[in-house]
Every structure is written in C-alpha cells, then in structure tokens.
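With these hints in hand, go ahead and build the complete structure from the sequences.
In order, the protein sequence lines correspond to chains P and C.
Throughout the first sequence, residue numbering follows my numbering, covering 1 to 404 in sequence.
Throughout the second sequence, residue numbering follows my numbering, covering 1 to 141 in sequence.
Among the clues, some could well be false.
Derived EDC-like pairs (lysine to aspartate or glutamate); straight-line CA-CA distance at most 16 Å [unchecked claim]: (1) Lys111(C) x Asp350(P); (2) Lys398(P) x Glu26(C); (3) Lys55(C) x Asp368(P); (4) Lys50(C) x Asp368(P); (5) Lys237(P) x Asp266(P).
If you're looking for bench data, these hints aren't it; they were derived computationally from the structure.
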Amino acid sequence: MFDVNKIRSDFPILSRKVNGQPLVYFDNAATSQTPVQVIDVITDYYTRLNSNIHRGVHKLSQEATEAYEAARKTIQNHFNAAHAHEIIFTAGTTESINLIATGYTNILQPGDELLISALEHHSNIVPWQMLCERTGAILKVIPMTQLGTLDSNAFETLLNEKTRLIFVNHVSNALGTVNPIEEIIQKGHAVGAEVLIDGAQACPHIKPDVQALDADYYVTSAHKLCGPTGVGMLYGKSSLLNQLPPYQGGGEMIATVTFEKTTYADLPHKFEAGTPNIAGGIAFGAALDYMNSIGFEAIATYEATLLDYATEALLKIPGLKIYGEAPEKTAVISFNVEGIHPYDIGSILDQMGIAVRTGHHCAQPIMDFYQIPGTIRASFSFYNTKEEIDRLVVGLQKAIAMLQ
Amino acid sequence: METITEKQQEVIEEFSLFEDWMQRYEYMIDLGKSLPLISEEHKTEDNIIKGCQSKVWVHAGLEDDRLVFTADSDAIITKGIIAILIRVFSNQPPKAILEAQTDFIDQIGLKEHLSPTRANGLVSMIKQIKMYAVAYQTQLN
Chain P
1 MFDVNKIRSD
11 FPILSRKVNG
21 QPLVYFDNAA
31 TSQTPVQVID
41 VITDYYTRLN
51 SNIHRGVHKL
61 SQEATEAYEA
71 ARKTIQNHFN
81 AAHAHEIIFT
91 AGTTESINLI
101 ATGYTNILQP
111 GDELLISALE
121 HHSNIVPWQM
131 LCERTGAILK
141 VIPMTQLGTL
151 DSNAFETLLN
161 EKTRLIFVNH
171 VSNALGTVNP
181 IEEIIQKGHA
191 VGAEVLIDGA
201 QACPHIKPDV
211 QALDADYYVT
221 SAHKLCGPTG
231 VGMLYGKSSL
241 LNQLPPYQGG
251 GEMIATVTFE
261 KTTYADLPHK
271 FEAGTPNIAG
281 GIAFGAALDY
291 MNSIGFEAIA
301 TYEATLLDYA
311 TEALLKIPGL
321 KIYGEAPEKT
331 AVISFNVEGI
341 HPYDIGSILD
351 QMGIAVRTGH
361 HCAQPIMDFY
371 QIPGTIRASF
381 SFYNTKEEID
391 RLVVGLQKAI
401 AMLQ
Chain C
1 METITEKQQE
11 VIEEFSLFED
21 WMQRYEYMID
31 LGKSLPLISE
41 EHKTEDNIIK
51 GCQSKVWVHA
61 GLEDDRLVFT
71 ADSDAIITKG
81 IIAILIRVFS
91 NQPPKAILEA
101 QTDFIDQIGL
111 KEHLSPTRAN
121 GLVSMIKQIK
131 MYAVAYQTQL
141 N
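In structure tokens:
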C-alpha cells in the first residue's frame, strides 16, 4: 500500500525549514532526496567497511569488495542486463557518455553520421560534438515539435546507411517528454547504427529493461533516483564494450603492466581505472533496493496523479503557459507566466521555501526552439504531495501579484 | 559628493526599515520597474553578460574623471539589484571604485543573489565594474 506520509518519514531533509517555511522540494529532476535507508548504508560503509576493494587480502577489503560487487549485481538485476560485467560504475551519466564518445574516436570515419535529438541535455550534445571534431563525423539533429515530442517522420528521413550512432534521452530533462526509444532503437538497428539511451531522467520514474529494449548502451546517475551524487552507471552490450578501448589508464583496469606493454583487464574493470566511489556504488544499489521496495508501478501511478493535479491547478493561473505537452510525460512541468522572467518567480518562490528550477536546464536548444530565455520547472517525486502543489500555486499567485 | 561608503551606509539604513523579505523584494521590484538604466545603443552583444538565468548588460563611460555606469537586465529582481549597485558605484572616481568593498550586499539581505550558483550575471557584473575601474584608472594615469 502506497503511503506517502510513511515514505516522507524516510527522508530527513523533507522536515527541514527553508527561509522559515517548511521546505517544498520540487527540483527532483536536478537531484532527488536521499532516504535514511541509503544514508545509513553510506554511514555503515565508513563505519565498518572502509578499505580498498579488489586487491586486499584482509577482511575489510573482502567485505567491501563483496558489498560493491553485490551492488553491481543489484543494478544488473534492476536493468535486466544479461551480465553483471556489462554494468560499468562511472561518476554519473555525463562520464558514461564521455566514456563512449571517447571510445569511438578511432572507430568512426570522416563522413559517418551521428544522430542526436533536439531534446537533449548539454551533456548528451557536447561530447558528441567533440567526437565529431576529432573524427570528421557529422552530427545531425532529430527535430522536435511544438508539443515537445520528437518528429518521428524527420527521424526516419535522417536515417541512412551512414548513420553509425544515435543518442536520445529516454525522458527529456527540460520538458518531461518520454521518447519512443523502443522504436528509435529498432529503426536505428535496421540501418546498422548503435543506440545510446540517456536514462538520467527516466530512471527515477521508469524501470527500463535493457534487453527487452535491445539498447546498445544505457546510462544513468544514482543521484536522480535517491542515491548519492558522483556515481552512476554505463550499461553496454559486452560485444560492444569489448571492442572499445579503455577510457582512462591506471590501477584496477590492467591485467599485466611492464614498461614495454600493458594488457588490460576484462570487463567491467577495463573501464574502472583507479579507486572508485565505493560507498557511492554500494549506496546506488541500496537506492535501487529502496525504490523497488516501494515499486515502480506504484511510483508511476502516484506521480501521474500529482502531475494531473498540478497541471490542472497551474493552468488555472492566468497567463501561465506549459512547455512540453507530450501525451506521455513524467512528473515534470516546465512553464512560464506571461510577461514575467522565470528568475524573478524562482527567487520569490525560494523566499517562501519552495525549491523549483529556473533557467535553461542545460538544454539551450529547446529554449531557443520556443524562443524563451528559460522556464520554471517543477519536477515531482513520489514523496511529494498535493498539499505541496497547493503551496506552489499560492506561492505563484503571490509572486505574480508582486511582479506584475 | 557622497563617497561609496556613505552611499552604502544609506542603502543599508534604508533596507533596515523593511520588516520582512516581501517588503525588501517589493522595493527591489519597484526599482527594477522604474529605472531607465541603459540606452538602447549600449544594449549590444558586446556589453552583455550571459548568465544561465538572466542576462545583464553593462556599459561604462568617463564623465569629468568619474566613471558612470549604465546597465540593464531582462529579469526585474536582477535589475533592482543592478539599480542598487549603480546607485553605489556610478559617478565615482575609478580609484574609489577599485578600493570599494562589496559586502554591503550581504548586509541588506540579498547575499543569495550574489552567489555564483545563481548564475544571474550579477557576480560577473561586479567583476566588470571593477575591470572598468582598472581600465579607466590606467587611462587617467
């Protein structure tokens, strides 16, 4: 049974006051809050297990290694990857993308085509632009529609035998649009392209099955789904990961080292140079366990009621326009109020203890498409309530009265 | 002619009369709405400071050994803070601007707007004011 009050009691930060008011946290798409179950795992790691993994013969190292590898297994099960070694621990989505982009440097040929979508976050744009500069490959963009969805007809006309890689987010961070990644993967594969899905915004709301999707690469960050910052993962099919060169050189990623020649370790260690974020990796696993204990279906159902409730309430405010009206979207509302700059509204809401995001959300091309400087983005999580949405509405009315 | 320190003191005293954040913000919003801060010819791409949040335009010119600033922003609260900065720093000798402290902003409860994480262009604006002061001071020497 989904009990939001019980869930809220798991999150110590939600009882905090901000500017004298109880915190209303609607910036979940930027980072989610951390339940005590995850905080305890981090504390426990530094209290009982702290040591270096994969090489100590002593007890602490063994226990820490077991906990870290158990977390990898948890992540594998969560995403239904075929093998645990297809899960690479990274610093987060951005590093995962850079790892792949760097890996293709010597694989691509000049004139090869890469497709990205118009809905991407800067971190799923810039690494590919840099890859194109290194290789002479060409970056093409799948355009978007006024509703904030991808133009699937245009996508098909962009596909051809030169298309080597396609990068699309599962869910748009700025608008909440859920993209038809199944179809994109299928059609991409039909022309021989490999497809990377940026799941940073999807994973807090949706439980992806990478085998059912047939995704070549799927990347995400722990801090969007109740885990800590600074850790994330790269899923890749082992056949593809095996053909990529290592990303960084260092300890842990080697098999043998001599001054003449070094041979590399097998997956996943080949891509995990140096001492990793051990506590972070273990806590990532704990965060998935926590979310699964609530259940992604229950989360999706509850968040959909929040989204509907908020959409209806916000649209009653005169002059308020919502950007991103895809039929399928996660609990994110990006909006503006006519004649008022998003920064002004965000600043006033902050005074009332309400945390929203304002600005371009690291997706400037989307803002350019709508010809706006930015939006106010309220992003909801399963621990938010309708009462908090009421406070947002009252706060907005007050801010508008002050600013108009 | 009032010094920068005197002007800062004046602003601090004015703000101390406000009872809560709403009065402070309403005052800034009024400042932001009312002041003509920059002439259109100076609202150029060269004079723009791009923040993630709001844009700021700054222009400086020398009038009788004093540095006069005009500026603008697309966000009203940012513009209100600009109006306060201009009131304090404009029409002052470059040397005085160079030597001036900026912590009065903390004392009037607007510190958060000067945080680099706000990315609203104001931090860069203060840097820009100081840079102009350096440049014109060199010119005067």
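Hints, verified against the model:
1. Taken as a hint, the lysine 111(C) and aspartate 350(P) pair is honoured in the structure, with Cα atoms around 13 Å apart against an allowance of 16 Å.
2. Taking the CA atoms of lysine 398(P) and glutamate 26(C), the gap is near 11 Å; set against the 16 Å cutoff, the hint holds.
3. Between lysine 55(C) and aspartate 368(P), the direct Cα distance comes to roughly 15 Å. Compliance with the 16 Å bound is thereby established for this hinted pair.
4. Note on lysine 50(C) and aspartate 368(P): the hinted pairing holds, with a Cα-Cα distance of about 15 Å set against a maximum of 16 Å.
5. A threshold of 16 Å between alpha carbons decides the hint, and for lysine 237(P) with aspartate 266(P) the separation of about 14 Å falls inside it, so the pair holds.
Checked against the numbered hints given earlier, the structure satisfies every one of them.
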